[in-house]
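First to last, the sequence lines map onto chains A and B.
The first sequence begins at 9 in the numbering used here and counts up by one.
The second sequence begins at 77 in the numbering used here and counts up by one.
To be clear, the hints were calculated from the coordinates, so they are not data collected in a lab.
We put the CB at the ideal spot given by N, CA and C, even for glycine.
A short list of chain A residues far from chain B (calculated; beta carbon distances all over 12 Å):
{"no.": "1", "residue": "Gln38"}
{"no.": "2", "residue": "Ser267"}
{"no.": "3", "residue": "Asn589"}
{"no.": "4", "residue": "Tyr773"}
{"no.": "5", "residue": "Arg788"}
Where chain A lies over chain B, by a calculated footprint (3+ residues, C-beta under 8 Å):
{"no.": "6", "region": "152-161"}
{"no.": "7", "region": "192-205"}
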Amino acid sequence: MNLMTIFENMDYGTAPETSQAALQWLDQHQRRFGHFIDGKFHTDESEQRFDSRNPADGTVLASLSAAGTDTVNKAVKAAKKAQSDWSALNGHQRARHLYALARLIQKHARLFAVLETLDNGKPIRESRDADIPLVIRHFYHHAGWAQLLDSEMPEQEALGVVGQIIPWNFPLLMLAWKVAPALACGNTVVLKPAEYTSLSALLFAEICQQAGLPKGVVNIITGDGTTGSLICEHPDISKIAFTGSTEVGRQIREKTAGSGKKLTLELGGKSPFIVFDDADLDSAVEGIVDAIWFNQGQVCCAGSRLLVQESIAELLLAKIRARMDTLRIGNPLDKTVDLGAIVDPIQLQQITSLVKKGVEEGAEIYQPQVEKVDICDNGCFYPPTLLSEVEGSAYVAQEEIFGPVLVSMTFRTPAEAVQLANNTRYGLAASIWSENINLCMDIAPKIKAGVAWINCTNQFDAAAGFGGTRESGFGREGGREGLYEYLKPRHLATAKPIKAKTKPGVSAGISTTSTQNRLDRTAKFYIGGKQVRPDSGYSLDVLSPKGELLGHCGEGNRKDIRNAVEAAAKATSWSQASGHNRAQVLYYIAENLSARAEEFAARISEQTGCSTKQAAEEVEVSIQRLFSYGAWADKYDGAVHSVPMRGVALAMHEANGVMAVVCSDQEPLLGFISLIAPAIAMGNRVVAVPSQTHPLSALDFYQILETSDVPAGVINIITGNSNELAKVLAAHYNVDAIWYWGDAEGSTLVENESTASLKRTWVNYGLSRDWLSPTQGEGREFLRQATEVKNIWAPYGE
Amino acid sequence: MNTTSNLSTLDLPEVAKTNSASTHRSASLPKTGDNEEARNPGTDLNLDTIEAIRVNRSAVERRCASLGARRSVKKDYQVAWLLKAISFIDLTTLSGDDTPSRVRRLCQKARKPIRDDIVAALGIEALKLTTAAVCVYHEMLAPASKALEGSNLGLAAVSTGFPAGLIPFELRIKEIEASVAAGATEIDIVISRRYVLSGDWQALYNEVKAYREACGPAHMKTILATGELGTLRNIAKASQVCMMAGADFIKTSTGKEPVNATLPVSLVMLRMIRDYHQLTGYKVGFKPAGGISVAKDALVYLSLIKEELGNDWLCPELFRFGASSLLGDIERQLEHAVSGRYSAGFRHPIC
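Sequences are here, hints too, so could you generate the full structure?
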């Protein structure tokens, strides 16, 4: 164009990044790839092939192989073989390998960025300035963790072979989030990139070769969901780490239920972006650009639900519309575009139909005629879109659109903002905008999410954990909290299956023996601070090992569980109480138990047949355990992560909320206290199902609770058939987490039933635990399971 | 395929097409339009507006950091943008050792900012490119005025006890009047920083309003000396008060503060200009000054203006660079564009 014309119009023109080197790399491989297994590329000619396309112009970039059973087996076998040597390396040796990976990716940073943009459609600015730098940072950071692991986490060890399934929205970044911590902790991996975007993972495989990573430590196999299923079902895999849709996350939860595989799921979201009337509105608008038009809105934590205070709504929306007008969409390789291509025509169609539905339901739509830059007709492009006048009940207000579509609603008060923010099945992230620090710090902890960004959004760093709650999944990636997802306590290696009881301790029907000369005592349930009779009207006999009738317990059913969960859900003030206050209650419980120690010991002994001395020890350890958690209540501190920002990233430990604990038959009192004490110490409210065979210790215990200032609803106790009750609890949508200590069957049941709500589960797979031992029976392992880590990012500076 | 400036419709889904409406912009903001071309007369001091101003520094800095990466201009576009940047320069000398001959040299450079052979090679003779103005102390107005005779360049004088603004108030007014009488078409005044630092917005308003009256037909650039105002929020508030008091331009710095023009400061001031325009319909100009010495930075400033205020502001009536060494770097870039060889300073006439 003529200089004079440009001088007049002041247009930007194009600024294309060359794709030459990336295309050359593809050509070197004849645009045809196999799988990376045991340090080499393999091709199985019998496998089906599929194409990877550039969504910006529809061209085929390369042909890929869909891994079948043989390939998956081969990859897992290679990983398994490599694992013992890899985990036998000391931390420093593993650190050197991770460091080499970081350096090599850095050296080839632009090649990775261009390849990523070609394959995924994201703007080169993002792959160059966000994705790849974060990848490098992740490997550096975890090289450091490998170095420090032996000294920082001596009680933990690697899991084994980890199966990792990653999405297409941040292909290499998600690979880094998965691979770096896994390797740092001594695991080996079998990773499957998303079928739309496998290329950067294959380039990474070459980097592994160059870096001299031992063979089999990293294995990368391509394919679609079928390959993913094979990985999930493979018996030699110890853990699955998945990032992707909630729907597939559920399938994986179901497939892995009862397998003993550790699981982390990072799933969908409908994250709120809350703007208060005292926010810097112009900055909030830029925040919205970063929240919903970053990566074309194809971000699990995208701030897709704008909640704006009514008094400034009109002004803010006008500013957003004006800002939308200046966005540029087009060739992702152009350095001046804000929005690139949508990853695939299927996604484009999905976005289009959801927006259509939103408009049909009454949303007002704004789609500016944004400037198109070097756009190709065959590309998948969708314009930035604002849907306003949307009510909470609208489909688009509840469902994840996963595209550049912002949905806006208004609120009147901070309380209503929280209510609307939490009115979702998801719980991944939140962005909060106000210049009032009091308001921000009040709101951030109240929002159900794993991440809260104050006056910023979409901030990520290797040092800060990322992950969600509710149907956004569980587990964290990044930071110290993320490392535990790739480790297990060493004591688990020696855990033995619990011996099946030959004689059941409870039975339905009427026992023929009598309770001899004692005055009859009626053990009830304990719900909402009251003793309650079972809804069913049935009781179970509680028998001694010799078959003598010791007493009765209520036979709980789903309605009793419903009532107990309701009571627990209401007792919210416990979660807000200070650690000091909770400690006081725990010490008081211990004090009152101590006063009745002999009686409790006798009860244990008559139920289990153990010696008086053993029973007395169990009571004594129970008292100590209550003291331990009284001590922990105000000491399980969060952290301030060192993220590269002027500000703080606060890793706060928050209670899960309502927890179900299903207790072991081992040590009827200690097994019960070992689960409820950490849960309530951390501020959870608990529905407990005591030992099925020896329920009387826990039932006696509610008298202690009644005299120990435990607020109503904080601890609720229901007896009966453990597995039946566990099933109802695991499926309950208002139970945030469940711990199960029983048989293998029940463990499978609990994991299966948790599929709908995607709650956190912690089960024993039928393995025993030495409750008397302080290393196995208490401590940080329990506290981690009793809490969620929320990372609150708070930049500062006036 | 090339950039489309005519914004032909994207191939959008049906639902989108029917609802597309870029005219929707600013729907709920006060209508503007009547005052588009008029000079800002100022308004009453509205303290509610001032007190409601919020600025989040970290967010402002993030926006500035990403801007350079979000927008870039290459090849012919870069050349054209650099030429445009020249047309925005207030070529400045504000030194204790300024003499008439030094000022004459500056004015000649302002009239002919790039070498004839470069102009010819670019084929832009028709632009008759000059800088926007020259900017000097009052004592140098006479030689400058003479040297600029017959040109369309503005002649700016710094005033009101520049750079500290701490001479008696009456003398500051008299200085403005004297400079206008001596031929200055633009007056760059400095505000009393103490009014900002003590939150005395009424005093600041009164002062600037008085200066504006003294300026008469000369356009008034209000130097905030942002490096001395402490916080971005103070800068935002001072910007707004100065516009209410009738500033034609708001300007970042004297060039004498320890920190002069920065992108975050500029972004905050531009957002205030946008708000003022939305509230009143009047367009106020912006002049970053001090510290902008390389061509690349100038391009980032231009895209900042384009992004935040739009192309309307990319004209000398509404945007200036206060700079002395920037021109030299732009000349070198232009010679590189023409010759393919990296240039050297000695190949271009100094100013």
